[in-house]
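*Asks:* What follows is each chain in one-letter form.
4 protein chains.
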Amino acid sequence: MQVIVDFTLVPVGTGVSLSAYVAEAQRVLEKSGLVHELHANGTNVEGEWEEVMAAIRACHEALHAMGVPRIHTDIKLGTRVDRDQHMADKTASVRARLRS
Amino acid sequence: MQVIVDFTLVPVGTGVSLSAYVAEAQRVLEKSGLVHELHANGTNVEGEWEEVMAAIRACHEALHAMGVPRIHTDIKLGTRVDRDQHMADKTASVRARLRS
Amino acid sequence: MQVIVDFTLVPVGTGVSLSAYVAEAQRVLEKSGLVHELHANGTNVEGEWEEVMAAIRACHEALHAMGVPRIHTDIKLGTRVDRDQHMADKTASVRARLRS
Amino acid sequence: MQVIVDFTLVPVGTGVSLSAYVAEAQRVLEKSGLVHELHANGTNVEGEWEEVMAAIRACHEALHAMGVPRIHTDIKLGTRVDRDQHMADKTASVRARLRS
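Going line by line, the protein sequences match chains U, G, X and H.
Numbering-wise (the numbering used here), the first sequence opens with residue -12 and increments by one.
Numbering-wise (the numbering used here), the second sequence opens with residue -12 and increments by one.
Numbering-wise (the numbering used here), the third sequence opens with residue -12 and increments by one.
Numbering-wise (the numbering used here), the fourth sequence opens with residue -12 and increments by one.
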């Protein structure tokens, strides 16, 4: 089952700057080989359910290994069986409507 | 890795009443054997990462099998390595503070 | 416009224990007079859009006043114009289906 | 109080294609004058708490006016009192770490 996901990792019990942790999660995603895209409030990623969830889990493990004691993560995910869809299609179809 | 999760399945492209789908997801969770608790805006569940994610995936499969073409799901999840924690502990520690 | 909301405040840049902050947010909600209910991963609240959002904002202000430098909050909210619905109705209709 | 927000509107009880609704929400945000950015799973927006919340409420009203009977919305929001921060700063500081 293919999923399109947005997720945000929130380290708890650390300092107030989170960019080192977000950067580490980006490195984990890079190694996963999954299509992914950082935005101001999270990261979009798409792929097979198992692979995407394994990548998010690997981010948790990497951050805990950096010393983060507790992590709160938000995941928004979408599955559909009516047709194949990719992340790029979603913004493209909204933009097409805005131009028409 | 243990996780404490809150998740909400939102069927898209169906009628406006969602309770049949939420009930089906409850049946899937019941079969999973995981500790879970329905609330007004989602379901709390805890257990091993793989088992909890497999249960949420099984909910997606069950709803698609009921004819739901598209599902949006929100997951909030927490992991911690400083100590063992369960769902019941979280509300208990807040309530203890409110009484003191 | 009536809303049914689930929200979770995640203090960032503090210690690993969050129960003091969750308890403070419960006190803020208590003062708001809104119907609300704590669960293991957040708090459900319902009421007029403006009042609910003002209560969540008041929680942010209260936590910052306690010294929390940064707060990440998740809100899941629902509005509907087909009929009036309350939090208690949502779980009741799922439970009725599970019994039938 | 300044907020940085990611939000996703999920129309319920409509057809399976949601791009017309997302496009309408983009028009509402455009009129609001707030800094905003569409991504594959939502929209990032920043500004004063009251203005951002009023814009999201205006999106709900616009979609209900288009005939959407029920809307589920996810909001992730951040406030901080330690320093001023904008959406563009967040991705820039992660990218700076990835380059170093």
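In short, the hints are calculated from the structure, not lab data.
Treat the hints loosely; a few may be bogus.
Note: identical chains are not told apart, hence a pair may lie in one copy or across any two.
Claimed, not checked - List time: in silico DMTMM-like cross-link candidates among lysine to aspartate or glutamate, alpha-carbon distance up to 25 Å:
1) LYS18 with ASP69
2) LYS18 with GLU35
3) LYS18 with GLU48
4) LYS18 with GLU37
*Asks:* If a hint holds in the structure, say so; if it does not, say that too.
*Replies:* Structure-based check of all given hints:
| no. | hint | result |
| --- | --- | --- |
| 1 | LYS18 with ASP69 | neither (31 Å within a copy, 27 Å between copies) |
| 2 | LYS18 with GLU35 | both (16 Å within a copy, 24 Å between copies) |
| 3 | LYS18 with GLU48 | within (14 Å within a copy, 28 Å between copies) |
| 4 | LYS18 with GLU37 | both (16 Å within a copy, 20 Å between copies) |
When held up to the earlier numbered hints, the structure conflicts with hint 1 and nothing else.
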